[in-house]
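K.L.:
As a plain string of letters, each chain reads:
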Amino acid sequence: MDAKRIIPVLELSGGQVLAGRGPRHPAEWAGRLALEGADGIIFREIPGRGQPGRWTRAEWIRDVAGSLFLSFALEASFGRLRDLEEALEAGADRVILDAGAASSPILAAAFARFGRQRLAVAVDAFLAPSPLEAPSSWRVALPGPSPERDALAWMAELEQAGAGEILLSAAPESEAAGLFQDSARLGLSIVCRSGGDPALAADALLHGADAVAFPAGPRTSQHWKSLLADRGLPLRY
Amino acid sequence: MITLIQSGAAGPHTLAGALGRMGFEYRVARTPEEAAPEGLVVLTGPGLFEPACAALKAAGWWRELPQLAADGRPVLGLDLGLHILAEGSEEDPRGSGLGLIPGIVRRLGPGVKMPHWGWSPVRQVSTHPLLPEVRGGWLFFAHCHALEPTSETLSIAVHGRPFAVMEARGRAVGVQARLEKSGNYGLALLDRILVALGEVPQSGFEADCN
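From first to last, the protein sequence lines are chains L and V.
Sequence positions in the first sequence follow my numbering and run 37 to 273.
Sequence positions in the second sequence follow my numbering and run 220 to 429.
The following block holds chain L by itself, in its conformation from the complex (with noise of 0.2 Å):
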């Protein structure tokens, strides 16, 4: 059986990490996680924060891929074709698509240069209630005049468009194991994306989510694992 991943999410602006002390370079800060037992590390760009263009994405995601001996994917909101394109080039094994460029042409003609190997897409799913007794349903909502959709149907529309991971968080967390239990069945890897409660992120885990990915800084990935591992999960050491 494969070892459930440990994935902390490092976020960036201007190609400088965010976070409030330590290296503002990536890559020294993806050592750091790696030394505490990263099972892979996840980029996150948050446009407009920080000093922009002190390295550009190219250069900075060069310097992690000569330097990381783990995989690491970029999260960011992709315009073009080309802008993914640079980052898997420049040594990205994965690119994160948001839900605009998942739902736009994007998608599809980077499966085609790609393969679904390389590419995973963000899903924010949140609970909405439903009218009369129906129960309540996870949906999602897109960008444009499309109306929210079925969390679940959008993750299998996905999956066929080409995804090969979803990246999955899920309002209320605390609500979520059935949905993560549901999308463990679409056939593809599904991340549950933590807003960093140990527990929580345990039952996604149980419940078929393959990783978790949980904001670098507070906890170490090793810390994650010897509270996870309590929960009987299989973790790699």
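Be a bit skeptical, because a hint or two may be false.
A few chain V residues facing chain L, derived, Cβ under 8 Å [unchecked claim]:
#1 229
#2 233
#3 235
#4 237
#5 337
#6 363
#7 399
#8 406
Quick caveat, the hints were computed from the structure, so don't treat them as lab data.
Beta carbons are placed, not taken as given, at the ideal position from N, Cα and C, and that holds for glycine.
Given the coordinates of chain L, work out where chain V should sit on it, guided by the hints.
P.N.:
Same frame as chain L, now just chain V:
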């Protein structure tokens, strides 16, 4: 000196970084003319089978690699590189591989999540006089296809079904795992494979490979 084949736009950044960290001399070569005059030739992924083969043909590697192997040069295929060294792949049923390692690469599954993207325990199933054994380690995989194990397969992992992790025929060696993405354990294994294939690091590298 190690020759790292670069086919397509993406460079083998992490593998190059790993070789540098381990103290091996290497050269990135887009064409056979750029290859080092001697030493190991490494073909690596990630990528898709058909376009990767097409790029190798366009650059002249497709004719050169079997000739280099016939001349006794060691060849190492990592991830997609192993698929290309094999006879063919279900990923492109009309195409063929280089045939340096026997077998057809087949799709994993059915009934498992695809792609197989994660850390799997690896088990040694037979030994090789030179190559290192895999003992109880976790290695990282990122693939949808793999060779099926045979009696000559050196190590296996399981994703729905057992698949070959390390194969060797003569001086052609293939590894399905992304060793350069498998942390210190992967680097230590890679280091020992490179030494077994005749490369000598210029500086020492110490990592736990047990």
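K.L.:
Against the earlier hints, flag every one the structure doesn't satisfy and list their numbers going up.
P.N.:
Of the numbered hints, all hold.
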